[in-house]
Amino acid sequence: MTPSPSNADGWLTRSRVQVIALAALTAVVLYLCYLIALPFLPALTWALVLAVIANPLHERIREKVHGKSVVAALAVLAVTVVLAVPTVFVAHEVAQQASERVAKLRGDPAEKLWQQTKERYPRVAPLMRWAEREANVREQMSRFSEFVLESARRFVSSSVYAVVGGLITLYLLFYFFRDKEKTLGALRRLVPLSAPESELVFRRVHDTIHAIVYGTLVVALVQGTLGGLMFWWLGLPAPLMWGAVMAFLAILPMLGAAIVWMPAALMLAFDGQWDKALLLVIWGSVVVGLVDNLLYPLLVKNRLRLHTVPVFMSVVGGLLVFGAAGVVLGPVVLAVALGLLEVWRQRLARTELPAALQASPAAPPQPTAAATPSPERVDA
1 MTPSPSNADG WLTRSRVQVI ALAALTAVVL YLCYLIALPF LPALTWALVL AVIANPLHER
61 IREKVHGKSV VAALAVLAVT VVLAVPTVFV AHEVAQQASE RVAKLRGDPA EKLWQQTKER
121 YPRVAPLMRW AEREANVREQ MSRFSEFVLE SARRFVSSSV YAVVGGLITL YLLFYFFRDK
181 EKTLGALRRL VPLSAPESEL VFRRVHDTIH AIVYGTLVVA LVQGTLGGLM FWWLGLPAPL
241 MWGAVMAFLA ILPMLGAAIV WMPAALMLAF DGQWDKALLL VIWGSVVVGL VDNLLYPLLV
301 KNRLRLHTVP VFMSVVGGLL VFGAAGVVLG PVVLAVALGL LEVWRQRLAR TELPAALQAS
361 PAAPPQPTAA ATPSPERVDA
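Counting from 1, one number per residue, gives the positions in the sequence shown under the UniProt record's numbering.
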């Protein structure tokens with residue numbers, strides 16, 4: 001009688017079953033951890049950004065003050081005074097100007113504004129009538145006004161969540177400052193990479209955060225500030241609000257802030273204010289437009305050597321997937337992916353090198369000094 005094969009002879013052994021069960025349990029627990037951490041993802045992202053950017057300030061305070069908790073608290077206080085207070089003030093003013101614009105839009109419906117524009121600017125009336133026939137502009141403007149009103153309502157309703165998110169960000173920033181060495185050590189132990197490989201990935205993430213904050217956010221903030229100042233100088237309505245809109249649009253390449261100041265210049269030209277329209281065009285195209293080319297190389301230098309297309313896709317894709325925090329998370333994910341690909345490239349190069357050496361033909365033996373007489377011995 002043929003004996004039946006034991007479990008050890010088959011593929012599904014006891015040890016393999018334990019490994020599969022452990023892997024499945026680990027995947028489930030990690031997914032649950034992801035769901036738990038998902039609401040805190042924006043706060044974690046901005047806390048990480050502030051920790052990287054404000055690290056020189058934290059180091060200076062640590063040189064003069066003793067005690068990790070005290071140093072971290074002072075650094076968080078400095079970040080709050082320098083960044084949080086101006087941000088809250090600007091956000092309040094932008095919300096107030098936006099509410100005024102929305103109230104005016106609600107009082108003057110889109111169709112009424114369209115008719116008034118045709119009557120006020122007779123030169124463009126034929127173009128507007130053509131747009132009415134071909135593109136159904138009235139319906140599009142009604143949809144746009146509804147979109148603006150709904151966006152304003154969401155902005156007001158999310159202000160409380162923004163305050164809570166800011167407090168959580170500062171709370172996390174305190175521990176990022178205080179336990180920086182422990183956090184980095186724990187991450188290095190968890191990452192299944194060698195010390196040089198993990199250092200490569202961490203350096204890419206650090207450089208990406210630095211490049212995105214200084215090369216994208218700071219440059220966009222400067223462009224929006226310059227555009228808002230020109231709106232205020234020319235007497236255009238809601239300069240702070242439109243400056244904030246230009247700063248947000250400046251994150252996008254190509255047009256950027258020109259999406260706002262170009263229509264404003266056209267409206268000034270249609271109104272007969274050619275001097276203001278020309279000044280706005282010169283300011284927007286020369287001053288605001290060249291800020292990116294002047295500041296970006298100074299602030300970023302060689303930290304992020306990527307093409308414009310993947311950076312654009314990572315920023316816009318990050319915004320669509322992660323919200324506002326995606327401005328940083330998208331490029332960081334791209335940097336981690338490129339770092340891991342570089343790790344794989346180095347590992348494959350190290351494994352292919354011995355095989356290449358074995359496949360290469362052996363070098364012919366070199367004659368020794370004893371076998372080949374020297375010229376002196378020949379002469380002798």
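Simulated from the structure, these hints should not be mistaken for lab results.
All figures in this text were calculated on a predicted structure; none of them were measured in a lab.
Please note that a few of the clues may not be correct.
Taking lysine-lysine pairs in the DSBU-like style, the calculated list, with each CA pair at most 30 Å apart, reads [said to hold, decoys possible]:
id: 1; residue 1: K182; residue 2: K64
id: 2; residue 1: K182; residue 2: K68
id: 3; residue 1: K276; residue 2: K182
id: 4; residue 1: K68; residue 2: K180
Label-pair distances were calculated between CB atoms; the ranges are [claimed, not checked]:
id: 5; residue 1: L184; residue 2: G235; range: 49 to 59 Å
id: 6; residue 1: V191; residue 2: L167; range: 28 to 38 Å
id: 7; residue 1: P237; residue 2: R203; range: 16 to 26 Å
id: 8; residue 1: L266; residue 2: P196; range: 30 to 40 Å
id: 9; residue 1: W344; residue 2: V17; range: 39 to 49 Å
Note that beta-carbon positions come from the ideal geometry of N, C-alpha and C, so glycine has one too.
Flag every earlier hint the structure violates by its number, smallest first.
Failing hints, ascending: 3, 7, 8, 9.
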